[in-house]
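K.L.:
Spelled out, the chains give:
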Amino acid sequence: DAKTTQPTSMDCAEGRAANLPCNHSTISGNEYVYWYRQIHSQGPQYIIHGLKNNETNEMASLIITEDRKSSTLILPHATLRDTAVYYCIVGLYNFNKFYFGSGTKLNVKP
Amino acid sequence: EAQVTQNPRYLITVTGKKLTVTCSQNMNHEYMSWYRQDPGLGLRQIYYSMNVEVTDKGDVPEGYKVSRKEKRNFPLILESPSPNQTSLYFCASSLLGDRGRGYGYTFGSGTRLTVV
Chain A
1 DAKTTQPTSM
11 DCAEGRAANL
21 PCNHSTISGN
31 EYVYWYRQIH
41 SQGPQYIIHG
51 LKNNETNEMA
61 SLIITEDRKS
71 STLILPHATL
81 RDTAVYYCIV
91 GLYNFNKFYF
101 GSGTKLNVKP
Chain B
1 EAQVTQNPRY
11 LITVTGKKLT
21 VTCSQNMNHE
31 YMSWYRQDPG
41 LGLRQIYYSM
51 NVEVTDKGDV
61 PEGYKVSRKE
71 KRNFPLILES
81 PSPNQTSLYF
91 CASSLLGDRG
101 RGYGYTFGSG
111 TRLTVV
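If you read the protein sequences in the order shown, they are chains A and B. At position 92 of the first sequence (counting the first as 1) the number is 92 in our numbering, and the numbers step up by one without a gap. At position 38 of the second sequence (counting the first as 1) the number is 38 in our numbering, and the numbers step up by one without a gap.
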C-alpha cells in the first residue's frame, strides 16, 4: 500500500486559498488519490479523488503531478467551517482497505 | 436523504456485557466497513464487507464480529467488551465502481463507546 506524507498542520487566512500538499512517492499505477476531511469528531467527509488528471468539484480542486508522486488539494476560498483534519489517502486497486494516516490539521483564521 | 445511520451515538457499558452497534445505509452500496478512531492512532479498519454474506478482517479485528445478512445493514458486535475497546467507531459505505474502484465513502456520525 502506498503511504502518504502530509504536514502536521497548516494555517490559512479566511477567504484565501488553502493549498494542502501530499507526498505519495510509492504510488502504483492503479491507485487513486483520495482526499477526505474530518471536522472535530464527526465522520470523515469525502472531498475529491483522482488518478492522473487534475480534478475539480464544488468543494475543491485536486492537482496531481505528472509523475503522480505528489498532489495538492486546493480549497479556493477557505472559510472558518473548513477548519478540519484533511487526509490524503492512496486507495488500493481492489478498494478493500483505506489507510487514513495522521492528516493535516488546517486552521482557518479570521 | 442519502446517509449512513449508526446507533447508538453514545454508549457506556460494563466489561463483558455483549453489545451491538448498528449501521444502516440507504444508498444501495455494496461495500461497508467499520473503523475505530483513537487519539494518536488515527482511523483503523476493523472489518469490511464487499457484499451480502461477504466479510473480511481489517487491521484490528480482534474482539469484534460483524455480519452482512442484508445489503443495507452491517452491525458491529462486541461479544465481550473490554476497556481497550473504548473508542469512537465509524461505519462507512461505498459503491464499488469500475473493476472494484470505489468512488468515495460515506461515513456515519460515529458511536462513542466507553467500556468500564
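Please note that the accuracy of each hint is not assured.
[To be verified] Here are a few chain B residues that face chain A, going by a calculated C-beta distance under 7 Å: (1) Y10; (2) P39; (3) L43; (4) Y64; (5) F107.
[As the list claims (entries may be wrong)] A few chain A positions that, by computed beta-carbon distances, are all more than 12 Å from chain B: (6) N19; (7) N23; (8) S25; (9) W35; (10) Q42; (11) Q45; (12) N53; (13) T79; (14) G91; (15) V108.
Derived from the structure by calculation, the hints contain no laboratory data. Treat the numbers as computed from the prediction; the structure is a model and nothing was measured. Here a beta-carbon is modelled for each residue, glycine too, at the ideal position from N, C-alpha and C.
K.L.:
Look at each hint and say if it fits the structure.
P.N.:
How the hints compare with the structure:
1. Y10: The hint is violated - B:Y10 has no Cβ within 7 Å of chain A, the shortest such distance being about 11 Å.
2. P39: violated (11 Å)
3. L43: holds (4 Å)
4. Y64: For B:Y64, the interface hint is violated, since the closest Cβ of chain A sits about 16 Å away, which is over 7 Å.
5. F107: holds (3 Å)
6. N19: holds (22 Å)
7. N23: holds (17 Å)
8. S25: holds (20 Å)
9. W35: At roughly 10 Å from the nearest Cβ of chain B, A:W35 sits no farther out than 12 Å, so the non-interface label is violated.
10. Q42: A:Q42 is in fact no farther than 12 Å from some Cβ atom of chain B, at 7 Å.
11. Q45: Label violated. Min Cβ-Cβ 7 Å, cutoff 12 Å.
12. N53: Nearest chain B Cβ is 15 Å from A:N53, so the label holds.
13. T79: For A:T79, whose nearest Cβ neighbour in chain B is about 21 Å away, the distance exceeds 12 Å, so it holds.
14. G91: violated (7 Å)
15. V108: holds (22 Å)
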